[in-house]
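> Residue numbers (the working numbering), protein chains in the order written: chain C, 1 to 341; chain X, 1001 to 1101; chain H, 2001 to 2168.
Just so you know, these hints were derived from the structure itself, not from any lab. Backbone N, C-alpha and C define an ideal beta-carbon position, used for all residues, glycine too. Where hints are given, some of them may not hold.
Distance windows between CB atoms, simulated [what the hints assert, rightly or not]: (1) C:Phe16 / H:Ile2153: 50 to 56 Å; (2) X:Ser1095 / H:Gly2159: 55 to 61 Å; (3) H:Asn2074 / C:Val82: 22 to 28 Å; (4) C:Leu5 / X:Asp1094: 57 to 63 Å; (5) C:Gly335 / H:Phe2139: 33 to 39 Å; (6) C:Leu164 / H:Gly2159: 17 to 23 Å; (7) H:Gly2135 / X:Ser1095: 43 to 49 Å; (8) X:Ser1095 / H:Leu2101: 22 to 28 Å; (9) C:Tyr338 / H:Leu2101: 57 to 63 Å; (10) C:Lys319 / X:Arg1088: 33 to 39 Å; (11) C:Glu65 / X:Glu1089: 22 to 28 Å; (12) C:Ile285 / H:Ile2153: 41 to 47 Å.
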Amino acid sequence: MTPLLIAQIVLTLFVFVMLLNSAAIMVYVERKVAAMLQQRLGPYLVGPKGLLQPLADVVKLMFKEELRPRAADALLFALAPVISATCAFAAFAVVPFGAQTTLFGLLNTPLRLQVADVNVAVLVIFAIASMSVYGIVLAGWSSNSKYSLLGGLRSSAQMISYELSYGLALASVLILGNSLSLSDIVNRQGGSWLGLLPRWFVFVQPIGFLIYMTAGIAETNRAPFDFPEAEQELVAGYHTEYSSMSFAMFFLAEYINMVTVSAVATDLFLGGWHGPFLPESLGWIWFLVKVAAILFFYVWMRWTLPRYRYDQLMRFGWKILLPVSVLNLLATAAGVLYFRG
Amino acid sequence: MMPSLNEYLMLSAVLFAIGTAGVFVRRNLITILLSIEIMLNAVNLTFVAFGRALGSVDGQIIVFFVMTVAAAEAAVGLAIVISLYRHRESLNPDSFTSLKW
Amino acid sequence: MTLFYVFGAVAVVASLLVIAQRNPIYSVLLLIASFGALSGLYVLLEAPFVAVIQIIVYAGAIMVLFLFVVMLLNAPHEQTEQDERSFALMRSGPMRFGGFLAVALALELIWALSNGRGLGVLGPGAGPASVASIGRSLFTDYAFAFEVTSVLILVAMVGAVVLARRGE
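Build out the structure end to end from the sequences listed, making use of the hints.
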């Protein structure tokens, strides 16, 4: 039990707890920002300025009755939220959120602020995103109800369609970053041009960033791509028949997927933990600021834009986003070849 | 103690035999296709094990191609299964006995 | 070492259950578990790229395709009701012969492998194969096969769409 191992175990637990907290914070932020955008107050009764609202929500969900339709397939019905939540947490395991630190000299070897430092980290994120489709499609199937099945099939078809553009946007960044390891890609984005403009990949790859964000929003089933779980259309889509903690797990999985997409976007495009005025060891503050900005953007999009109809959504994914991402990849490859010789 | 190459090959042989059993025994077209996938995976494991033993990366490249072929074959096979089901409302290969369509 | 046995056991048991399950959806899910175990074995064999590609392509794409087809066809359970309770080797006729053949194949292969020249313990190896070396080899030595594969995928796509279309 070297100090490094203890530090790594503590780090893993810390990341897990922080992800849970971030889901709770997102619940509050979503409702408050929605209220501000709609010129009303939002939660303000529970706790000062409504800050304890997520706690009230969790307690309410825990006390609800756990229902299961009689015709539902019991094993799959119970398994689906577990798959969703597990994949959501697992994807964050390879995301680095700070520079290497020796914890003020307590450790002999520096600790990477990353739960698992694999050298194919980008592919691992993509793999786990592909696996999270199963949670949704099994939820839709095992509920044995029309709304759930339609919602589940539509949602999973949407996710696998946008995975292609997601992967191609990732591939464009990989050409720039020359490595599959997220830590290496972030480290390439340190420093700045002419002392003014940071070397973030978003300035070299603006279209790639837009494609990645669009595909990420579609992957996490958020507005304006949330037709499969739209309240007005399909009751609640694939999680119609779920209640209490199973519903909470789907809810949790959605928010943590949002956090993961934002964190990966920050690492790939926005320079990760690099930023002015702060030393490298406090880089995680910049990381938090950037992730928070992207999450705010997510919530803002949801309450501002109308949602796409399902056929418009699929048409957009296949006929517009995919060709644009292929062209982006070609342009990036050509640019790298020309400028780096 | 690392497992030797023999053990990987035996595991792969067992998986291949299981896939073969599935193709012979099952009477459901989709399960037959799944058993074919098991066989292809057993072969992939053999290739990677040999690639590791011989120290070359060629084993992994062949696996790459095998996976691509498996994907193409699964897609076309399932399309055929769908059109057969539409015609005869059954997934039992025994019900497709006459040549007349 | 123990990891090899764990992953190997999961792969074998999951594959056995795939061919023994009556419900096709459970078969697909068990096969995904088997692929996960195989992916772990690839990591043990120092092939991380193949391991992740296995999850992305096999478990994440091909199995989704199977699952969709099973759900859309509402695939019924098998009709062999009278043989439902008996083990494969005891069923009648072709099934018994098929099960016996598969066991014979397994025994022969294991016999052949254990009588072999002793293929030796896997040495320390060159470390995990980097994606760069795989890419370099793919685009130089195997470039022709790579391009032909892309044509293969195109043909498969067109073929699948044409075959599954409702005839007019």
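> Would you mind marking each hint as holding or not holding in the structure?
Checked hints:
Between phenylalanine 16 of chain C and isoleucine 2153 of chain H the Cβ separation comes to about 39 Å, which falls outside the hinted range of 50 to 56 Å. Here the CB-CB span from serine 1095 of chain X to glycine 2159 of chain H is close to 24 Å, at odds with the stated 55 to 61 Å. Restraint check, asparagine 2074 of chain H to valine 82 of chain C: a C-beta distance of roughly 25 Å satisfies the suggested window 22 to 28 Å. In this structure the supplied range 57 to 63 Å holds for leucine 5 of chain C paired with aspartate 1094 of chain X, their Cβ-Cβ distance being about 59 Å.
A beta carbon spacing of about 19 Å between glycine 335 of chain C and phenylalanine 2139 of chain H contradicts the range 33 to 39 Å that was offered as a hint. The supplied range of 17 to 23 Å is met by leucine 164 of chain C and glycine 2159 of chain H, whose beta-carbon atoms lie about 20 Å from each other. Between glycine 2135 of chain H and serine 1095 of chain X the beta carbons are some 47 Å apart, a value that agrees with the proposed interval 43 to 49 Å. Taken as a hint, the range 22 to 28 Å holds for the pair serine 1095 of chain X and leucine 2101 of chain H, whose Cβ atoms sit roughly 23 Å apart.
About 60 Å separates the C-beta atoms of tyrosine 338 of chain C and leucine 2101 of chain H, a value consistent with the hinted range of 57 to 63 Å. At roughly 35 Å, the beta-carbon separation of lysine 319 of chain C and arginine 1088 of chain X lies within the given 33 to 39 Å, and the hint holds. Range check, glutamate 65 of chain C to glutamate 1089 of chain X: about 41 Å between beta-carbon atoms, so the 22 to 28 Å window is missed. The hinted range of 41 to 47 Å is satisfied by isoleucine 285 of chain C and isoleucine 2153 of chain H, whose Cβ atoms lie roughly 46 Å apart.
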